[in-house]
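Chemist: Given the structure of chain W, go ahead and fit chain P onto it with the hints provided.
Line by line, the protein sequences give chains W and P. If you count by our numbering, then the first sequence holds residues 1 to 337, one letter each, in order. If you count by our numbering, then the second sequence holds residues 1 to 337, one letter each, in order.
Any given hint might turn out to be false.
Copies of the same chain look alike in the list, so a pair counts if it fits in one copy or across any two.
Claimed, not checked - Taking lysine to any residue and the SDA-like style, the derived pairs with C-alpha atoms no more than 20 angstroms apart in a straight line are: (1) Lys186 with Thr147; (2) Lys323 with Glu166; (3) Lys135 with Gln331; (4) Lys121 with Arg188; (5) Lys186 with Asp68; (6) Lys77 with Ser91; (7) Lys40 with Gly319.
Since the hints were derived computationally from the structure, they do not count as laboratory data.
Number of protein chains: 2
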Amino acid sequence: MYRIAVDAMGGDYAPKEQIQGAMLAIKNIPDIEIILYGDKEKIKEYLTNDERIKIVHAPFVIPMGEHDPIHAIKANKETSSMARALASLRSDEADAVVSSGATQALIAGAHILVRRMKGFKRTAIAPVIPSVSGKPTILLDAGGNLTIRPEYMLQQAYFAKIYAQEVLHIEDPVVGLINIGTEEGKGREFDNEVYQLFKETDLFKFYGNIEPKVCLDPPCDIMISDGFTANIVMKTIEGTAKGMGKILKANLTSSFIGKIGALLAKKNLDKFKTAMSAEEIGGAVIFGLYKPVIKAQGASKVYGFYNGIRQAANICRAGVWDKVSDYLESQKGDEDE
Amino acid sequence: MYRIAVDAMGGDYAPKEQIQGAMLAIKNIPDIEIILYGDKEKIKEYLTNDERIKIVHAPFVIPMGEHDPIHAIKANKETSSMARALASLRSDEADAVVSSGATQALIAGAHILVRRMKGFKRTAIAPVIPSVSGKPTILLDAGGNLTIRPEYMLQQAYFAKIYAQEVLHIEDPVVGLINIGTEEGKGREFDNEVYQLFKETDLFKFYGNIEPKVCLDPPCDIMISDGFTANIVMKTIEGTAKGMGKILKANLTSSFIGKIGALLAKKNLDKFKTAMSAEEIGGAVIFGLYKPVIKAQGASKVYGFYNGIRQAANICRAGVWDKVSDYLESQKGDEDE
Numbered sequence: 001m002y003r004i005a006v007d008a009m010g011g012d013y014a015p016k017e018q019i020q021g022a023m024l025a026i027k028n029i030p031d032i033e034i035i036l037y038g039d040k041e042k043i044k045e046y047l048t049n050d051e052r053i054k055i056v057h058a059p060f061v062i063p064m065g066e067h068d069p070i071h072a073i074k075a076n077k078e079t080s081s082m083a084r085a086l087a088s089l090r091s092d093e094a095d096a097v098v099s100s101g102a103t104q105a106l107i108a109g110a111h112i113l114v115r116r117m118k119g120f121k122r123t124a125i126a127p128v129i130p131s132v133s134g135k136p137t138i139l140l141d142a143g144g145n146l147t148i149r150p151e152y153m154l155q156q157a158y159f160a161k162i163y164a165q166e167v168l169h170i171e172d173p174v175v176g177l178i179n180i181g182t183e184e185g186k187g188r189e190f191d192n193e194v195y196q197l198f199k200e201t202d203l204f205k206f207y208g209n210i211e212p213k214v215c216l217d218p219p220c221d222i223m224i225s226d227g228f229t230a231n232i233v234m235k236t237i238e239g240t241a242k243g244m245g246k247i248l249k250a251n252l253t254s255s256f257i258g259k260i261g262a263l264l265a266k267k268n269l270d271k272f273k274t275a276m277s278a279e280e281i282g283g284a285v286i287f288g289l290y291k292p293v294i295k296a297q298g299a300s301k302v303y304g305f306y307n308g309i310r311q312a313a314n315i316c317r318a319g320v321w322d323k324v325s326d327y328l329e330s331q332k333g334d335e336d337e
Numbered sequence: 001m002y003r004i005a006v007d008a009m010g011g012d013y014a015p016k017e018q019i020q021g022a023m024l025a026i027k028n029i030p031d032i033e034i035i036l037y038g039d040k041e042k043i044k045e046y047l048t049n050d051e052r053i054k055i056v057h058a059p060f061v062i063p064m065g066e067h068d069p070i071h072a073i074k075a076n077k078e079t080s081s082m083a084r085a086l087a088s089l090r091s092d093e094a095d096a097v098v099s100s101g102a103t104q105a106l107i108a109g110a111h112i113l114v115r116r117m118k119g120f121k122r123t124a125i126a127p128v129i130p131s132v133s134g135k136p137t138i139l140l141d142a143g144g145n146l147t148i149r150p151e152y153m154l155q156q157a158y159f160a161k162i163y164a165q166e167v168l169h170i171e172d173p174v175v176g177l178i179n180i181g182t183e184e185g186k187g188r189e190f191d192n193e194v195y196q197l198f199k200e201t202d203l204f205k206f207y208g209n210i211e212p213k214v215c216l217d218p219p220c221d222i223m224i225s226d227g228f229t230a231n232i233v234m235k236t237i238e239g240t241a242k243g244m245g246k247i248l249k250a251n252l253t254s255s256f257i258g259k260i261g262a263l264l265a266k267k268n269l270d271k272f273k274t275a276m277s278a279e280e281i282g283g284a285v286i287f288g289l290y291k292p293v294i295k296a297q298g299a300s301k302v303y304g305f306y307n308g309i310r311q312a313a314n315i316c317r318a319g320v321w322d323k324v325s326d327y328l329e330s331q332k333g334d335e336d337e
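With the rest of the complex left out, here is chain W (with noise of 0.2 angstroms):
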């Protein structure tokens, strides 16, 4: 049985969805228990079966956009439904955690409550993005390390490619490193290193640099950066998904054909655009932590809360944490900072 913290209190439709979410993952996931974190009365009210579901009260929500998400998740400890349950992980009441609640408090509450993995020295945030082919790809570091030194970047790397290959099931992923061209040689003195290193290692197929105008149509299945370029990387997807939407829109007061266009494309465009928004990285996993946090979209509901919950779920029983845990260990003579 796999223990799955479930912070019921954050995100946009909590605790109503996650709840559902919860419910509906017990009854399609036979190798699952899910522990509620939230406000007992209120998960009460949509609770209609607790097989194989505890309920731990933790009843205060840390807002979006909070200020301050370090000292929110200090502050609030004790009573706050995702702080408890990212805590359940450290205390091996659970094996992982999803959370729909605000991006900037989990990830500063992982680092406090839950901390790093031994040896594995700088944790990466990694979202799966859409692509034109259909095919996930997981970029990252979508933010925490603006900068980092290239071995650190290799145990990334070899992270997601675990994470490719046993969670998304991509045979041999292969990683390609994000760069302003495409030839050896191009970009920053630290971008050669991370090429060089790359290159040489036999952990994982290395295609070589690729450009961000491929970003939606990658020759490669993880696209990796420092914390600052792939950050960089995500926001400007956002916003150019944002803005042509808003160009689409502005054509409803063209042309009558082009109204009826945009009319009609408008769906799907808004549906990539929620897909690519930053504050939504659904099922963004944080690689390199002591054991697995999936952050759920905030306007999650319910099918998409029980799929972070899935995916923890797949997580836990492909063993990716171990079959990282085991790679570190063989690297012997590394000293955890």
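Modeler: Coordinates of chain P only, in the frame set by chain W:
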């Protein structure tokens, strides 16, 4: 009279459209004369009116995608239409260059044959990108200086401000620093140094940090970062626009309604996609050279190329270069390295 040097041979539809564009410019802009650099025989085929137009024979064309643009420029200094046009700036035979030839060759050639203006430390490539509101936004440095000192970025931002004010007629242009968060203190150490410098300057109005999720709808007129980051932003915008175009196309095979919507909206998105293409950064100006060099779109037709010439004339007439020179002169004690 402003003397515009035109590379008649560079571009997908050269020399026909370039020559027709030049004749259109002569007709509409009374205070310019044009020097056409190219294959004399071919030019004569299309040149039906040589009023205020001179021809300099330079038939060689540096191909798009040339792998070693520096070598290509150096090896064909006497015969390349692009190289000869660029060299005319340094020899004071012309006041500005317009070319729709290979971007990398043009940049390399500009650095070799035109060189920087006195006191300006790092040139910047500054495409004007479309926005939701229709107001143009200057993005820089879209390529060139992967790492740069904050003081040099101050010069670049000031150049962009003068350009926005004098050529784009934006009153009191506002500069935004591309960053991963909006609050002061966000980003790398470098971004913070730039922030502090921009915050204290009287040279332009500083908005503060802007996240690229507003890249097509920014609260500023100029978006600036180092040459690596701004290039990543430009290419991610291009990639997202391309990808969304493909996703729309994919809808053609989905539902009937989606099909119609996609068909009708496609034309508008295609237009946008072209406008955003990195190879096609239309009317991108290189800031900080001895004299202005304008990169017109490779796919320029008559009107597009005419616009490039008009832009060159506007830059000359507005005295952008002189204004920046005056400022640099006033910064005594600065030594050109």
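Chemist: Against this structure, judge whether each hint is valid.
Modeler: Hints, verified against the model:
no. : hint               : result
1   : Lys186 with Thr147 : both (18 angstroms within a copy, 13 angstroms between copies)
2   : Lys323 with Glu166 : within (10 angstroms within a copy, 60 angstroms between copies)
3   : Lys135 with Gln331 : neither (32 angstroms within a copy, 54 angstroms between copies)
4   : Lys121 with Arg188 : between (22 angstroms within a copy, 19 angstroms between copies)
5   : Lys186 with Asp68  : between (38 angstroms within a copy, 13 angstroms between copies)
6   : Lys77 with Ser91   : within (14 angstroms within a copy, 71 angstroms between copies)
7   : Lys40 with Gly319  : neither (32 angstroms within a copy, 70 angstroms between copies)
Checked against the numbered hints above, the structure violates hints 3, 7; every other hint is satisfied.
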